[in-house]
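Student: Chains as they are written, first to last, in the working numbering: chain F, 1 to 165; chain E, 1 to 304; chain C, 1 to 475.
What the hints contain is simulated information worked out from the structure, not anything from laboratory work. Since this is a predicted model, take the numbers as computed values, not measurements. It cannot be assumed that every hint is accurate.
Below, in silico cross-link-like pairs of lysine-lysine (DSSO-like), each with a Cα-Cα straight-line distance of 30 Å or less [to be verified]:
id : chain 1 : residue 1 : chain 2 : residue 2
1  : C       : Lys-328   : C       : Lys-158
2  : E       : Lys-13    : F       : Lys-128
3  : C       : Lys-265   : C       : Lys-328
4  : C       : Lys-265   : C       : Lys-463
5  : C       : Lys-46    : C       : Lys-328
6  : C       : Lys-46    : F       : Lys-32
7  : C       : Lys-380   : C       : Lys-364
8  : C       : Lys-188   : C       : Lys-135
9  : C       : Lys-158   : C       : Lys-188
10 : F       : Lys-32    : C       : Lys-135
11 : C       : Lys-364   : C       : Lys-418
12 : C       : Lys-46    : F       : Lys-128
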Amino acid sequence: MEDGKLARGPMIAITLLRVLVGWHFLYEGIAKITSPSWSAAGYLKQARGPFADIFRWLAAQPDLLAAADSITMWGLTLVGVLLILGLFTRLASLGGIGFILLFYLCNPPFVGLFYSIPVEGSYLIVNKNLVELGALIVVLASGSGVFAGLDTLVHAVLGRKRKTG
Amino acid sequence: MGLESPAWTAGVKRFSHEAMATVFEVQALHPDATYAAQAAHAAFDLVDRLERELTRFLPNSDVGRINALAAGQSTRVSPSTMDCLLVARQMYDVTGGAFDVSIGTGLPSLELAADESRVRASTGGVRIDLGGIGKGHAVDLMGELLEDWGIEAAVVHGGFSSVLALGAPAAQEGWPLTLSDPGPPIRVLVRLARRDTALGASGVRKGGHIVDPRTGKPAAGRRAAWAVLPRQAAHERSQAGCGGPRRAAAAAADALATAFMLMRLRDIGALCAASPGLEAWVLPEPARSGGPPEALHFGTPGSS
Amino acid sequence: MAGDDEKDKVAVPPRPAGGRKLDRRDVLKGLSTVPALGLFGYAWQKQRQYEQAAAGTEQAAAAGDVQDVHVALLGAGAQGQVLTDAMLRIPGVRFRAVCDVWAEYNQRRVVNQLQRFGFQVNAYEDYREMLDKEKELDAVVIATPDFWHAPHAVDCLKAGKHVYCEKEMSNTLEGARAMVAAARETGKLLQIGHQRRSNPRYLHCYRHLLGEAKLLGRIVTVSGQWNRAVTPDLGAPERYTIPEARLKQYGFKNMHQFRNWRWYKGLGGGPIVDLGSHQIDIYTWFLGANPSHVMASGGQLYYDPATHEWYDTAMVVFDYDTPAGPVKAYYQTQTTNGSLGYFENFMGDQGTLLISESEVHAAKVYRDTNAPPWDEWVQKGYITAPKLQEAVEKDKAAVTDVRESVSPDEHKVPIVLKDPYHQPHLQNFFDAVRGSATLNCPPEIGYESAVAVLKVNDAIEAKSRLSFTPEDFAL
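Could you build all of it, start to finish, from the sequences and the hints given here?
Tutor: As structure tokens, then:
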């Protein structure tokens, strides 16, 4: 872990972060899959802010909504599993960032916009979604899956050059 | 809204009662003061019972249980709560979501099974607050109770914002009522004489605001709005399969007044044109220059 | 990402191309986070079990695998309507009949309501006719005026029906004794409507706070009240007036007495019985003893004595000889001012339990400063953590920090009733009918409660301290 790569300590910390975010994604996905009547419609219809019209329009299209529901619940689950395992970590991080960005834009805590029901916590522009997004950027940038995760094996098996080790 | 007081009003007996965070009042014309008082108090008992069902502050009220539903769960509610929810759903539909008892948390996810009076949540997290329709709902049922008691001419209101004129005083066209600018300064905008008609009012005091459930943003530009709906018109709506209880006129007017604070004027006009008997008044905020604004009127009075 | 990340890495040492042998270290690193997935699986499974257990009862009910109980409502007045609302939420309750002498109004209203829920019920004015014709009935729920309880309950039991009877069990001890005897003779169930006995909040306090944790230490005094604002006499819509002959047939002088029977001697028992009975029953239950003496002051202080024969105000002191020692218990009910509503307050040398059926007070416990710590019970979830009192950092050199006075630790009791107030008690009754529970308030308990409560009116009249003997409570 030299030559500009992160040292062992920070890599362990980032791996822990990766597993935690993965856990959260996995449960968000599984909870939706196992709830027979879950749909993103409720969330989309509460959309606020500059992109609200797009999200609401989406909620009103039954076919698109069904697709969005499937993509969301299976996508979240898949991203969660991959992050925990450290398999295809970069792809999974990018996918996770995409999901969070959509959630964030659906209800952004911008100045002058507020949720009509009380939510836990107080947010101005930065909310927990954005923090989790930041965590995934760290995971994305660090190559944590190669440090500790199945990516290590993938690399070895595919016979590519490994990172420093 | 106010009630004018000409000479014949001396015979009007007034009874009031605190409930639903406001004051309910029955003004009845009846020769027997004791009997009128008993009728009024029977109506107030009814309001107290309704409040226990509709309050969101008690975990074991109908609304408390609905608000605790997780996805896929259901709960049984009283028939009167079901009626109130049916009207709320209907008003959500006709106002394009401008009246939304779930304040944007997803009213359509509540499935209302009227035949078994059961509410099912298809998604979790729906929170309803019947504050914008509950008073009207109570006033409707109080009106029916008073009629059952043989009180034929009365005005019932919940906090002045939800009013039901039952019958009319002898030799009068209707109960005299006023619609006023909430001010400051307070001034009478419209004088009406109505019988068997429900009126709902919504407004903001200086500095207050109403949140648009469709956008989550505070609505601006209007100071007050009123909805007027004859009971007969509400009755015909329910006969026509629009759902809801027999004569949910005050509940509908209560809800519509809130929606009229938010809806586009041409949508209000279109709704009034499509709903015989429904009238709306909208009072815009005063312009920066110029005199006090006048209320805009939509719809035509129903024949009652 | 598998193969493409070398390009953003700096100073990667070149490796021979064409594959590399997997070493043990690679495998360990590769699999190092797999256990997290296992842990997730475990946690998720636990969560599923918890959710299924929570939803279990409701789902079982919805699936219709509960045995139907065929029920008649006898007495469709205000209380009968409250019980009907609660019963409509209980799975397996099949309404078959409604009986009320006010056929023109209350009977019709409840029948209409039940029809909205799909119950085609038969309506009766005379309960004997109902018992003759309704052969399918399993149970009768009685919410008639107090003086009708004994004849109604006894006849229903003898007709082979299980009975849920509103409190007060009877307006006379003879009536109450006849009810106990009929229940014993027929072997049918008789539940008396002291519904707090099934309220999860009261059960939790009784079992866990007083029984297991003994939070209050030695209870020495109790106070309680039900204060109610002035209410006008009840009237009735003129068009639904009951013909005089029918009123007389059922024991009422006129429509006013029919509507306001609670105030009349021989019909009801006045506020001490209507309101106080619920709470004095809790005194007896929580203290684990029947009272030994009662003294009371009360009277007709406010309402027209001609139409309000019972006392509108009563202030009562009971003496108890409990297993732990003597206890004095105060109770008041008045009907002219609703100040502080209704609650019961149990005071021991280590703490105080304030409890009420109403959400205004709910239930709170206050720890005496000299009592042993309650951390264990907070951790067990029996009570919530107290409002913070000791926020100031201790300075070891000082004995005390001089500051604004603090109030004693207040803990809440984290039990919320999500159902209408009477539902758990009715549920307990129907469970017992199906054989899956025992009654929380069998007639023996209702009788003991009636003995204690009815004597208050005697004490007010006698203006002296009256004593109970063990025989008074014996059956």
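Student: Look at each hint and say if it fits the structure.
Tutor: Against the structure, the hints:
no.	hint	result
1	C/Lys-328 - C/Lys-158	40 Å, violated
2	E/Lys-13 - F/Lys-128	59 Å, violated
3	C/Lys-265 - C/Lys-328	29 Å, holds
4	C/Lys-265 - C/Lys-463	18 Å, holds
5	C/Lys-46 - C/Lys-328	48 Å, violated
6	C/Lys-46 - F/Lys-32	17 Å, holds
7	C/Lys-380 - C/Lys-364	16 Å, holds
8	C/Lys-188 - C/Lys-135	16 Å, holds
9	C/Lys-158 - C/Lys-188	9 Å, holds
10	F/Lys-32 - C/Lys-135	50 Å, violated
11	C/Lys-364 - C/Lys-418	18 Å, holds
12	C/Lys-46 - F/Lys-128	26 Å, holds
Checked against the numbered hints above, the structure violates hints 1, 2, 5, 10; every other hint is satisfied.
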